[in-house]
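Trainee: Protein sequence lines, in the order shown, are assigned to chains A and B. In terms of the working numbering, the first sequence opens at residue 332 and continues consecutively. In terms of the working numbering, the second sequence opens at residue -9 and continues consecutively.
Just so you know, the hints here were simulated from the structure itself, not pulled from any lab data. Among the clues, some could well be false.
[To be verified] Cross-link-like lysine-lysine pairs, in silico, DSS-like; alpha carbons within 25 Å at most:
# : chain 1 : residue 1 : chain 2 : residue 2
1 : A       : K357      : A       : K390
2 : A       : K357      : B       : K3
3 : B       : K47       : A       : K427
4 : A       : K368      : B       : K(-9)
5 : A       : K398      : A       : K427
Note that the coordinates shown come from a computational prediction; the quantities given were computed from them, not determined experimentally.
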Amino acid sequence: QQPVQSPQAVILREGEDAVINCSSSKALYSVHWYRQKHGEAPVFLMILLKGGEQKGHEKISASFNEKKQQSSLYLTASQLSYSGTYFCGTVNQGGKLIFGQGTELSVKP
Amino acid sequence: KAGVTQTPRYLIKTRGQQVTLSCSPISGHRSVSWYQQTPGQGLQFLFEYFSETQRNKGNFPGRFSGRQFSNSRSEMNVSTLELGDSALYLCASSLEGTRLSTDTQYFGPGTRLTVL
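The shape of chain A in the complex, shown without the other chains:
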């Protein structure tokens, strides 16, 4: 089942912060975050695992609440280069990586 992301879109000014949320109705083993710029392939940002372990980008932080089956991606002091569509992907017991619909982030000067 596809995870649900919110918001669907957000517009920021440079330097502002944003939070993107991802929730699932099924128990999760891990949450993966990717960013896709227009016309390019999705690029890996971060993996969050059960137990609190994280692997990924130094300048991006995220949380994973296993009980609530939710994850949040925190983008602080946004830069123009942060613009793109952010996807969360969840891995459940079946081992499939299923992506949410995406959150479109636009950072304006």
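Fit chain B to the known structure of chain A by using the hints.
Mentor: Structure of chain B alone, referenced to chain A:
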């Protein structure tokens, strides 16, 4: 290390035809997954191959099929094309696949398929 490559990058077909897309994973990666991306549906999982075996499958009709070769290269085939099959098809490779939930997937640039 070379990234994931996909060929062709662009393809135009007509309804009823069939198409084969190719994906070469990063050297050493044994898992290849395929996704369909459309504006309204986001990234939809098609299937995953690992060591020449289909390990997982999404909710797509049987017209969508794939295979993986001994060198980990993968092909995806769509038969009897429909207008709704127009999409960006992305493949992603990883060392062991998402059954190992810590594994990172690396995406290729995609093949843009247009069905007329």
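Trainee: Which numbered hints are broken by the structure, listed smallest first?
Mentor: 1 and 2
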